[in-house]
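Residue numbers (numbering that gives the first Met the number 0), protein chains in the order written: chain V, 0 to 145; chain H, 0 to 137.
Derived by calculation from the structure, the hints in this document are not laboratory data. Incorrect hints may appear among the rest.
A short, non-exhaustive set of chain V residues, derived as facing chain H with CB atoms under 7 Å [as the list claims (entries may be wrong)]:
#1 PRO47
#2 THR49
#3 TYR57
#4 PHE64
#5 GLY77
In silico SDA-like pairs for lysine to any residue, Cα to Cα no more than 25 Å straight-line [claimed, not checked]:
#6 H:LYS25 <-> V:TRP48
#7 H:LYS92 <-> H:LEU133
#8 H:LYS25 <-> H:PRO57
#9 V:LYS44 <-> H:GLU74
#10 H:LYS120 <-> H:PRO67
#11 V:LYS44 <-> H:PRO57
#12 H:LYS120 <-> H:ASN49
#13 V:LYS97 <-> H:GLU74
#14 V:LYS44 <-> H:SER27
#15 H:LYS92 <-> H:PRO31
#16 H:LYS92 <-> H:GLY47
#17 V:LYS44 <-> V:LYS97
#18 H:LYS25 <-> V:LEU125
#19 V:LYS44 <-> H:GLY47
#20 H:LYS25 <-> H:ILE6
#21 V:LYS44 <-> H:GLU130
#22 V:LYS44 <-> H:PHE61
#23 V:LYS44 <-> V:GLY100
#24 H:LYS120 <-> V:GLN35
#25 H:LYS120 <-> V:ASP32
#26 V:LYS44 <-> V:LEU54
#27 H:LYS92 <-> H:VAL13
#28 V:LYS44 <-> H:SER100
#29 V:LYS44 <-> H:ASN104
#30 V:LYS97 <-> V:ARG72
#31 H:LYS25 <-> V:ILE45
#32 V:LYS97 <-> H:SER100
#33 V:LYS97 <-> H:PRO57
#34 H:LYS93 <-> H:GLU74
For each label pair, taking beta carbons as the anchor points, the in silico distance ranges come out as [to be verified]:
#35 V:ALA95 <-> H:ALA45: 22 to 32 Å
#36 H:ALA8 <-> V:ALA92: 11 to 21 Å
#37 V:VAL16 <-> H:TRP77: 36 to 46 Å
#38 H:TRP77 <-> V:SER118: 42 to 52 Å
#39 H:GLN29 <-> V:ALA92: 17 to 27 Å
#40 V:ALA92 <-> H:MET0: 21 to 31 Å
Predicted model only: the values in this text are computed from it and were never measured. From the three backbone atoms N, C-alpha and C, an ideal C-beta is built for every residue, glycine too.
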Amino acid sequence: MNQLSTIPQFVWRIADVIVGGVFIYAGAIKVLDPVQFANDIDNYKILPWTIGVGLAFYLPWLEIFCGLALILRLLYLGGLSILTALLAVFLGATIAAKIRGLDITCGCFGHASQHWNFSVHLALDLLLLVALISLLLRSERVFRSA
Amino acid sequence: MVRQVLIVAALAFVPGLGQAIYFRDKVSWQSPVPASEMVTVAQARAWGGNAIWVDARPDNEFARDHVPGALSLNEDRWNELLPQFLAAWSQEKKVVVYCSSQSCNASREVARRLRNEAQLKNVFVLEGGWEEWLRTNR
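Hey, can you work out the whole structure from these sequences and the hints?
As C-alpha cells, then:
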C-alpha cells in the first residue's frame, strides 16, 4: 500500500486513461454487434439465452460508461468498482468454462480476439485486473486521506 | 461509492434499452436462432429429397451414427469438408444442419458460416438436434 503512494500522480492518470480506453474500445466493438456478443455469452453455458441477450445489450454500454468514468474522473469510484467486479466475474467464468472443456470465444474485443488462445486471454485479463485493483486501492487511500 | 455504482449502472441502462428496442426484430429473446431459421424433424423429413442433412458434430460422433444420407461438415475440418458438401448441394435444396442436442452450438455456427461465408440461402437448424431425430425415429 505504501509502495502505491510513491508512484507519481501522472502515472495514475495515464493508467486511468489506458484502462478506461481499453474498456471503451471493448464496449464499442460489442455495441456494434450485440447479436454476436449474445452468442459469445451463450457459449459459456452459464445463463439462459434470454438473460444473455439482455446482458449483450447492457454490458457493452456499462463498459463504455465505466471507461468514461475513469478517463473523465466523474463517478470514478463507481466506474472502477463495477469494472473490477465485472472483470473478476468474467475471469471466473472463463476459467470455469475452460475447466468444463468448453471451446469458448470470449468476444471481449470482437473479432480481434477471436483467434487469441486461452493463455493470451488470461494474461490480458489478469493484467487488467491487477491495474484495476491498484487503481481502486490507491483511490480509496486518496479518498480516506481527503 | 454505492451511490456512484448505482448511477453508472443506471446511466448504462438507458442506451442499452434503446439498442434492445432498435434490435427487437434482429434477435430472438426466446432462442439463439430466429424461429424462421429453425426447422422441426417432421418439417425437415417432409422436404424429402429436397433437403440436404448436414451433421455438424465431431467426426467420431458422425462415424458412430448419423441421419441416413447426412453429410459431415464440422468446424474442425471445415476447409476439408466444405468442398464435399458444396459438390452435393444445389440451389433448390434446403440445408438442415444438426448437432447433438437442443443446447449444442455447432449447428448454429455451421449454419451461420454456410449463410455468411458460403453465401447459401435456405439453411436451417434442426430443433433438438440429433437427440430429437433419434426420439422421433424410434
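Right, here's what the structure says about each hint:
A least Cβ separation of about 10 Å between V:PRO47 and chain H goes past the 7 Å threshold, and the interface hint is therefore violated. At its closest, the beta carbon of V:THR49 sits 5 Å from a beta carbon of chain H; the interface hint therefore holds under the 7 Å criterion. A cut of 7 Å between beta carbons decides the hint on V:TYR57: the least distance to chain H is about 4 Å, and the hint holds. Interface restraint check: V:PHE64 against chain H, minimum CB-CB distance 5 Å, threshold 7 Å, status holds.
With its C-beta approaching chain H no nearer than about 3 Å, V:GLY77 sits inside the 7 Å limit, and its interface hint holds. Proximity of H:LYS25 to V:TRP48 is assessed by CA-CA distance (about 15 Å); at most 25 Å being required, the pair is judged to hold. In summary, the hint linking H:LYS92 to H:LEU133 is supported, as the alpha carbons are separated by about 23 Å, within the 25 Å threshold. Between the alpha carbons of H:LYS25 and H:PRO57 the distance comes to roughly 30 Å, so the proposed pair goes past 25 Å and is violated.
Restraint check for V:LYS44 and H:GLU74: satisfied, since their Cα atoms lie roughly 19 Å apart, inside the 25 Å limit. As the CA atoms of H:LYS120 and H:PRO67 are separated by approximately 23 Å, the hinted pair is consistent with the 25 Å bound. Only pairs whose Cα atoms come within 25 Å are accepted, and V:LYS44 paired with H:PRO57 is accepted, the gap being roughly 19 Å. Simply put, H:LYS120 and H:ASN49 have alpha-carbon atoms about 14 Å apart, close enough for the 25 Å limit, and the pair holds.
Distance check on the hinted pair: V:LYS97 and H:GLU74 sit about 19 Å apart at the alpha-carbon level, within 25 Å; holds. Note on V:LYS44 and H:SER27: the hinted pairing holds, with a Cα-Cα distance of about 17 Å set against a maximum of 25 Å. For the hint linking H:LYS92 to H:PRO31, the alpha-carbon distance of about 24 Å falls within 25 Å, and the restraint holds. With a C-alpha separation of about 10 Å, the suggested pair H:LYS92 and H:GLY47 falls inside the 25 Å cut-off, and the hint holds.
A C-alpha spacing of about 12 Å is found between V:LYS44 and V:LYS97, which places the hinted pair at or below 25 Å, so the restraint holds. Using a Cα cut-off of 25 Å, the hinted pair H:LYS25 and V:LEU125 is violated, with the two alpha carbons roughly 34 Å apart. Distance restraint check for V:LYS44 and H:GLY47: the Cα-Cα separation of roughly 34 Å exceeds the 25 Å cut-off, and the hinted pair is therefore not satisfied. Annotation: proposed proximity of H:LYS25 to H:ILE6 is violated, straight-line Cα distance about 29 Å (limit 25 Å).
For the hint linking V:LYS44 to H:GLU130, the alpha-carbon distance of about 19 Å falls within 25 Å, and the restraint holds. At most 25 Å may separate the alpha-carbon atoms for a hinted pair to count; V:LYS44 and H:PHE61 meet this at roughly 23 Å. Distance hint between V:LYS44 and V:GLY100 is fulfilled; the C-alpha atoms sit about 11 Å from each other, no more than 25 Å. With a C-alpha separation of about 20 Å, the suggested pairing of H:LYS120 with V:GLN35 holds against the 25 Å cut-off.
Taking the CA atoms of H:LYS120 and V:ASP32, the gap is about 22 Å. The hint holds against a cut of 25 Å. This hinted pair checks out: V:LYS44 and V:LEU54 have alpha carbons roughly 14 Å apart, not beyond 25 Å. Between H:LYS92 and H:VAL13 the CA atoms are separated by roughly 44 Å; this puts the pair beyond 25 Å, and the hint is violated. Of the pairs offered as hints, the one joining V:LYS44 and H:SER100 holds, with about 14 Å between alpha carbons and a cut-off of 25 Å not exceeded.
Under the criterion of a C-alpha separation no larger than 25 Å, the hint pairing V:LYS44 with H:ASN104 is consistent with the structure, at around 10 Å. A distance of roughly 36 Å separates the Cα atoms of V:LYS97 and V:ARG72; the hinted pair therefore is violated under the 25 Å criterion. Simply put, H:LYS25 and V:ILE45 have alpha-carbon atoms about 23 Å apart, close enough for the 25 Å limit, and the pair holds. Simply put, V:LYS97 and H:SER100 have alpha-carbon atoms about 21 Å apart, close enough for the 25 Å limit, and the pair holds.
The straight-line distance between the Cα atoms of V:LYS97 and H:PRO57 is roughly 19 Å, inside the 25 Å bound, and the hint therefore holds. The hinted pair formed by H:LYS93 and H:GLU74 meets the criterion: a straight-line CA distance of about 20 Å does not exceed 25 Å. For the pair V:ALA95 and H:ALA45, the supplied restraint of 22 to 32 Å is violated, since their beta-carbon distance comes to about 42 Å. In this structure the supplied range 11 to 21 Å holds for H:ALA8 paired with V:ALA92, their Cβ-Cβ distance being about 19 Å.
Here the CB-CB span from V:VAL16 to H:TRP77 is close to 41 Å, well matched to the stated 36 to 46 Å. Look at H:TRP77 against V:SER118: about 24 Å separates their beta carbons, and that is not inside 42 to 52 Å. In this structure, H:GLN29 and V:ALA92 meet the distance hint of 17 to 27 Å, their C-beta atoms being roughly 23 Å apart. For the pair V:ALA92 and H:MET0, the beta carbons lie near 24 Å from each other, so the given range of 21 to 31 Å is met.
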